Amino acid sequence: MVDQDFIQQAVDLALENARSGGRPFAALVVKDGNVIATGVNQIKLTNDPTAHAELSALREAGKALASPNLENCVVYASGQPCPMCLAAMRMSGIHRVVYAFSNIEAEPFGLSTAKIAQILRMPPESQEGLSFVQVKPKQDHDLYSLWQNLQTE
1 MVDQDFIQQA VDLALENARS GGRPFAALVV KDGNVIATGV NQIKLTNDPT
51 AHAELSALRE AGKALASPNL ENCVVYASGQ PCPMCLAAMR MSGIHRVVYA
101 FSNIEAEPFG LSTAKIAQIL RMPPESQEGL SFVQVKPKQD HDLYSLWQNL
151 QTE
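Residue numbers for the sequence shown follow full-length UniProt numbering, beginning at 1 and rising by one.
Rather than coming from a laboratory, the hints here were simulated on the basis of the structure.
Careful: at least some of the hints might be erroneous.
Once the Cα atoms are required to be at most 30 angstroms apart in a straight line, the calculated BS3-like pairs of lysine-lysine come out as [what the hints assert, rightly or not]:
1. Lys44 to Lys136
2. Lys63 to Lys44
3. Lys138 to Lys115
Simulated restraints, written as ranges between beta carbons of each label pair [said to hold, decoys possible]:
4. Ala64 to Asp12: 15 to 23 angstroms
5. Arg59 to Gly33: 40 to 48 angstroms
6. His141 to Phe109: 41 to 49 angstroms
7. Gln8 to Ala64: 48 to 56 angstroms
8. Asn69 to Gln139: 29 to 37 angstroms
Note that this is a predicted model, so its numbers are computed, not measured.
Glycine included, C-beta positions come from ideal geometry on N, C-alpha and C.
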């Protein structure tokens, strides 16, 4: 299969999701030319703000591969992935993302995440509408060293 075929599958899933009352987004995770996971946007269904199609597909791909490392996979998305989904793709090792509809195309429908992407380019402490404060615990813990030691046991 080629990019066009996988994008069509993602758009078809997005259409089906929209017809079922969901938002018009879907994603596929493909490895070695095979779809290993799919996801649709379930924000309205679950009231979970992280229930994006791409995140659902990444979760399912991790389960299917029994690994959080998705380095040799490609994500096909019906819409341009938001910053949260892009961050998750980066953290999972995805190196290629293909999408059908851009933020510019989504903007007239209130579905663009371009403004959030622009805000996130600023340091967190400079972002309007976000209080970003570090508070150290009362008891000093070397949390990360403890974790590292547990990994080697």
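Right, here's what the structure says about each hint:
Between lysine 44 and lysine 136 the CA atoms are separated by roughly 36 angstroms; this puts the pair beyond 30 angstroms, and the hint is violated. For a cut-off of 30 angstroms, the pair hint linking lysine 63 to lysine 44 stands: about 24 angstroms separates their Cα positions. Of the pairs offered as hints, the one joining lysine 138 and lysine 115 is violated, with about 37 angstroms between alpha carbons and a cut-off of 30 angstroms exceeded. Between alanine 64 and aspartate 12 the beta carbons are some 20 angstroms apart, a value that agrees with the proposed interval 15 to 23 angstroms.
Here the CB-CB span from arginine 59 to glycine 33 is close to 21 angstroms, at odds with the stated 40 to 48 angstroms. Between histidine 141 and phenylalanine 109 the CB atoms are about 47 angstroms apart, so this pair conforms to the stated range of 41 to 49 angstroms. About 22 angstroms separates the C-beta atoms of glutamine 8 and alanine 64, a value inconsistent with the hinted range of 48 to 56 angstroms. Asparagine 69 and glutamine 139 have their C-beta atoms about 34 angstroms apart, which keeps the hinted 29 to 37 angstroms range intact.
Comparing the model with each numbered hint stated earlier shows that hints 1, 3, 5 and 7 do not hold.
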